[in-house]
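With the hints as a guide, bring the two chains together.
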Amino acid sequence: MRRTAVRCLLVASVLAGSVLEGGLAKAIVSYDLKARLRPEIRTVEGSETLTWLNDSGGPVPELRFHLYLNAFRNNRSTFMVERGALASKSVRPAEDWGSIEVKSLRVPGGKDLASTLEFIHPDDGNTDDRTVARVLLPTPVPPGGRVTLEIEFVSRLPKVIARSGYVGEFYLVGQWFPKIGVFQNGAWNCHQYHGNSEFYADYGLFKAELTVPAQYVVGATGKRVAERANADGTKTYTHYQDDIHDFAWTACPDFREFHEFFVLEDPKVETEMIFLVHRAHLGIKDRYVRSLRQGIEFYSRNYGAYPYPTITLVDPAPGAVSAGGMEYPTFFTADSTSYMPAGVRMPEMVTIHEFGHNYWYGMVGSNEFEEAWLDEGINTYSEIKAMDRYYGADRSMIDWGGLRIGEIAYQRLSVIGSGRFDPILKSSWGFIGPSSYSLNVYAKAGLMLLTLEKMLGEPVMAKVMRTYFETWKFRHPTSRDFIRVAQDVSGRDLGWFFGQALESPDKLDYGISDLRTYEIAPPDGLFEGGKPLSGGEARPGADPKPPRAPGLFRSEVTVARYGEMIFPQEILVTFENGDKVREFWDGRDRWKRFVYDQGSRVRSAEIDPEGRMMLDVNSLNNSRVIDAGGPAAMKFGAGLLKWFQGLLSFIAP
Amino acid sequence: MTILALAVKGLRDAVSRPKMVFVLWLGNLLAAVPLYLLFTGAFNASLGASGLARGLAAKTDMNVLLEILTTSGPAIRDLVRAALGLTLVYEFAWIFFAGGILQTLLGDAAAPFASEFFSGGGRFYGRFFRLTLFSFLLWLPAGALFIVFDGILSAVQSDPNREQLGFFLVLARYAFAFALLHLIRMILDYARIRVAVRDSRDVFAELGRAVRFVLGRLGRTLALYYLLGLAGLAILVLFWILDSALPKTTPAAILAALVLTQVFIAARSGLRIASQSAQAAFYLQEIKTGGGKAYRLAAPASAGAAQDARGKMDQGSEKIQAGVQGDADQAERQEEKPDQRVEEKDQEGQRPTNDKQDQP
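Top to bottom, those sequences are chains E and B. The numbering of the first sequence is my numbering, which starts it at 8 and goes up by one. The numbering of the second sequence is my numbering, which starts it at 1483 and goes up by one.
These are computed hints drawn from the structure, not numbers from a lab. There is no bait here: all hints are sound.
Here chain E is said to cover these stretches of chain B; the calculated rule only asks that three of the stretch's residues, wherever they fall, bring their Cβ under 8 Å from a Cβ of chain E:
# : region
1 : 1515–1526
2 : 1565–1575
3 : 1640–1649
4 : 1719–1731
5 : 1737–1743
Straight line, CA to CA, 30 Å or less: simulated BS3-like cross-link-like pairs of lysine-lysine:
#  : chain 1 : residue 1 : chain 2 : residue 2
6  : E       : 275       : E       : 480
7  : E       : 470       : E       : 275
8  : E       : 230       : E       : 480
9  : E       : 587       : B       : 1541
10 : E       : 461       : B       : 1541
11 : B       : 1491      : B       : 1501
Across the chosen pairs, the derived CB separations fall in these ranges:
#  : chain 1 : residue 1 : chain 2 : residue 2 : range
12 : E       : 81        : B       : 1647      : 32 to 42 Å
13 : E       : 47        : B       : 1631      : 33 to 43 Å
14 : E       : 595       : B       : 1656      : 51 to 61 Å
15 : E       : 521       : B       : 1732      : 27 to 37 Å
16 : B       : 1547      : E       : 272       : 34 to 44 Å
17 : E       : 272       : B       : 1631      : 57 to 67 Å
18 : E       : 445       : B       : 1630      : 38 to 48 Å
19 : B       : 1722      : E       : 513       : 41 to 51 Å
20 : B       : 1622      : E       : 521       : 52 to 62 Å
21 : B       : 1500      : E       : 395       : 53 to 63 Å
Where a beta carbon is used, it is the ideal one built from N, C-alpha and C, also for glycine.
Chain B with its partners taken away, still in its complex shape (with noise of 0.2 Å):
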């Protein structure tokens, strides 16, 4: 598939799993709803008999909201701890929705909705934990790498007296940033996909190997991934203007506001979603290079069908047998070995011949 139809593939099995969505959306909510919870009553504590209550209300006055910042230290500093537990909370919850959404997109179609979700979550959960550990590791070499670039715009910059050149130089600096940021991102992805493909518990070699698969692939996997994040960037344009175009003076109007929030972030929810079935056919067809293929995941492996596993691959003994697609991928594929955890099923879906989910 090419990557434009990798990722309408991506979003439409996001958009035929709405309870996917839903449960991401929730889990969003949920997350963020304490901090509102905070807040309203520390405003409505401090500020709600106020008249100047009154008319933020019709009219947000940043004199007024600045002065209100002044002199609620305590609250702010409350609410920015709220907000950084929060968020402490939801980066784990997540990894227990990324082995979730993982197993749902390669897992038996056929099965219950929350019972893959869910079940992938937890047997996912460990590795998933330790794979986003490891992936500070790759903060390093990005971190020199910025050092070089910076390095380099420093030396393109000597003369300060062209401050334009360096007003724009700053600019890229912050996108050079951005850019190692979401290269990290994505290789985390595909990180976990080969663990949940290939059912691994050596994470941290998986987190090698997805280096070199995104470096190897780095045109098509970042093409994939920003596709995706221009899918993004519209949702997130559409939500901007039609959120600027609620006046949020009544509360049917700020409670309209706040549904729109719950469409854009169920929407971004999808896109995740998306984002990552996309991602996961990639890898599956770059390594089968059988296009058009889908897979699913077996059931967890007994520890002796793991080990076994593992020593096949140790051995190296099979080799896939597949078009050349040059030296690179010829070299990922040998690493690739068929793995007796990934299965196929035909393109119609079809369940696979020798399904070895009930397999202990």
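Chain E with its partners taken away, still in its complex shape (with noise of 0.2 Å):
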């Protein structure tokens, strides 16, 4: 109990005291949240007090905000069209959909404004969406005021869906309550929840207050700094955190809470990470503990420090599966079963995955809508990173009974087979299907980085991330700030770089079209001076037959661009005699030979022999051999037949 009412002494003072004055991030809002779980109607009942400073230049009359949950209303919302709701037959029974409804909302001591809340569709023009309103201010809020806000909102939740919701007794309770928009450029950026689409939001202080039934076990954003049991049978847990931009909670009853500390001396972390495991899957447990320890450690060796005194992650329970992988500040989803072998690194990943969002969305507060690379793509470099690093290159994804599979191989597969349809950079919702947004947003952009970082060199690269978390942290970055930090600390100019591989959908793909050797004949012919065809007889006049030199080979190297991106290239060729020879070639052109005249005979010849395309998409022929074939082909064509053999034994009637 003492150690209960310190807690609330604290956050009093903190709240009284320093509203808006957050530690390391510009506090642009405040939220005081309270919340009733009624998991008998599925429904958050709740309330807000939300401070919003006007950080820009000029009077605000109006307020926008985003009412995410409206998304899963019906089958005519922006979000539930784009994921192909209008073609689909099938129907949702009616305690799956979610909504919110905000009941009242004024200023303090002013009139209820609900009733002039009206609903905007700035993206698509869809006016069945209703997530994201305005409101008409009584007075505008002057430039460097501050405006506060008492709403009433009752949050139905839907059947999990895209990172919210319940199953069974299991809640993921994100995007639950009215969150104000980004006020930037003189203009609110306040986007409508697509299908593809994250969040984008402002920092600042929150606080909330969750009452559930006693029996349920609740993890949220930030530090639990009270809890109180209440006379009707409830719970009240009270969580805080500054230096944020969203607050999300879970509640079930079959949560299994374990705590252990992170302690990291250089560069300094202390933090308490809470592990909420469904009893269900309980022996994944330790494969959880172990990667976020990993991800902690990496993240905070590499970009900087972890600052937040808490991590929370959560494990769905079965068939969540749609909770699954999340992130939200200092909280966040993992992805498991009972049954994932311990060489399928399918939790490890999304655990180092998600938490890494603590940073790229978290700390570096990207916008999600307009530019998803920012964090999913910097996230995916820095996960593959991680696995790497802590599982081995080649297995990071997969290790189990012989199978071993790494995650660039993993990531590059999606980019290979993709088609040629959209840039990375691009608004969430403009992407032609949401395997487009998928393997642009995620994997193409985590092998760009890759591709950068072969580039730069690895030191180089490592300063660059730095550089652009410490640049960046607590403040909204686009995708210049990020092509300027590189060029800045690289030195360089990469905008021939960015340009292609980050704005144009075009493909990387350099080979070897053409590898031939051959013994250079005699001379034949007429030569200067009447020397004759061979074996003739001299004609008055001719040259004499040059001497034909002894064991000279012409060797021919033929590279070529197959894709459009153009990307300087280096080609190492191996003679017989053990010589190298490296050529480089700008790729420009479509194709380019190279010609030696040798006592040895070319062996092989390699484009980018150090692997620094990762975003080529066929590294198949790349390189070549003089003296084709080999056993690989009796190889692998033994083991097909070795188990059609067996199929046909098998299935024979």
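Given below as structure tokens:
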């Protein structure tokens, strides 16, 4: 009790004395949330006191809010339409839909403005969509001024979908309260909820009192500063965190709660790791613990110290797959099942990835609607680096039963097999489809950064990443900011690279198109000085026949650009006598031939011998050898024969 | 004979018929070789000159293989089509082999193998083909059984939080489907045996009787089937151990692995012969109750003789004079009239006294 009282005192002093004075970020918002979970009707009854700072240079007459849960209100919302609901014949039961309704909205002491709330559709004009609303204020907020709103709302939770909702008694309560948009460049940046999009919000302070039936185990963003039992059989948990831009929580009676501490000396990190593991998945707990430790260590050492006092990992209940793998500040959902083999590293990958979003999304608050690669792509790059560091590059995804697959190879597959429709840099709802969104924003962007790393060198790239984090943490950077940092740190003009890799759907594919070697034929025919055709008599005035060079071979290496993307290339040519020659090509033309007249035949040629071109969609044509063949075809043919013969012998009727 | 003795007899029969094993193995190999040629051709055309191919010969790198798979869509499509076509061809061929196996096992032991095997294949082809088609009907009750089983398991797993239980129940579903598949295969085996032994042309009726035969002796038929199945499993495990031990990085090692594969396929072919032999012996033992007897087929009957035989069957005038083994067996024996084309010879393999092989 004493401990709780001290915590309450601490929070009260923080909120009363230094509202909007967050430690690391400029606090634009302050939320004081109260929520009561009513499981019997799958509803959260809530209220919030929101204080918003007008950080712009002009007055702001209206406020805009995200009402994300209305994306699940019916099959006409923009989210549902983009997810193909119009073509779907399946009917969702009534209890599966979700919504959020603003009951009242007022400036303290003022009249209720809820009835003036107007749903707007800035992205697509879909009048059925109710995920963005605006309200005209009685008086504009002056520059540097603040406005406080008191809002009451009811959030009806959907059957778990896209990061929020319930399954059985498991609740993931995300995007559940009216959240104000970002006012920047003299306008509101407040997008509708799209099929692919994630989120964007301003930093500030969040305090939430969460009341649930007493048997529920609760986890939430931030640090728990108080808890109390209520007379009506409920418990109230109070959480607080500053320097964040969103707040989510979870409740489930089947959670088992574990606490561990993570301490790192350099850089200084001290944080409490909280694990809410569903009782069906207790066997996975140690893997969660280990991988979260790895995540905190890797990101802290490479980008900057993890600054928050807690990090909460939520293991969703069986059947709540759509709740898995989602990030919120200091709080994320993992993903696993009871019988995930130890060598299949999906839980590790998801844990490290979602934790990593505390950096790329959490602390570096890029706009996930408009430039999703800045969080997903950079985080995929970071996650690959972490997974390779802890599990080995050739087996970071799977190391099970002799099967070894690295994450780079895994990410490459989606890029290799992709179409050429969208660039990485695009509004999240502008992609031709969900797969184009995910392969560009996650895999291709991650591979683009790996290619950049190979170009700049690992130490320079590490400095780029650290500088970008340090420069832009608790702010809202854009792609241009990232490019600027990369150019400043490396001292190189990288516009040509990002212009192609980031802003164009072009593909990168270079290869050795031809490799040949032959002994140079002896001189034959007419030469200066009247030397005759071979074997004939000398003619007056003809030059003597030049002597044949003994054992001279011509070798030709032809390299080609099959894709549209232009990338300077290095070619390694190896001769039979062991000599190696490195050639450089600007890669601009469609092809280039290198010719050698030497005493030794060429043995092989390889383009991009250092494997820099992670974006190359066909690495199979990157090398060529003279004596083709070898036992590889026989080896795999024999393997195929074995399986096919076995299959035939088994299925004979 | 006991089930174990029947299984041993089946294995001995298989071992004593190397020519038949050879033919079955060859059939399997010939069906598979085109796929090998297609694959190696495509591999060499697209990757043969690549330096990656050399690396793959030395070490199987799944990361590279996945990339090959991803970039080789058309070639893979061709391979899959070829595999499906070859599988279909093999299925048709196996119907021929099944006739040959039964003719060789049940026919004249003194006759040359080739004439017995290939004449049996041709003789029974049409009937076994129809039988295979009719056997698809068995999937209807099997499907219904599976639906019932699935419903029961779903009721057991009403709590989605019991994920471990759910995992085991998924395995149980697979196991049940596997068991149904093998039950149908076993029924088809006995239906073929019945057709061959009785030289029956009414294959649909024989399939129905085979169902009754199997269900009437479910324990023993399954025991025999899975006893030999265990032998197959042992062969598979042995093969897997030996195959895994081969490095396959040099042409010689790859060749050794290829040879090992062929030995494995030959062993599986032998096991198939053993299975048919043991099941045929079990069937004949059951209908004749003459434990230890061996039987062989008569020559193809004339249309008149077949009609005559069918007429006798319809009359049901003849009774099997055999020991009583229970009501079910009795009913089966009532049904199994002493077909004139099923002839006995004594345990020492002497030729039957009323040999009708030469009948037209």
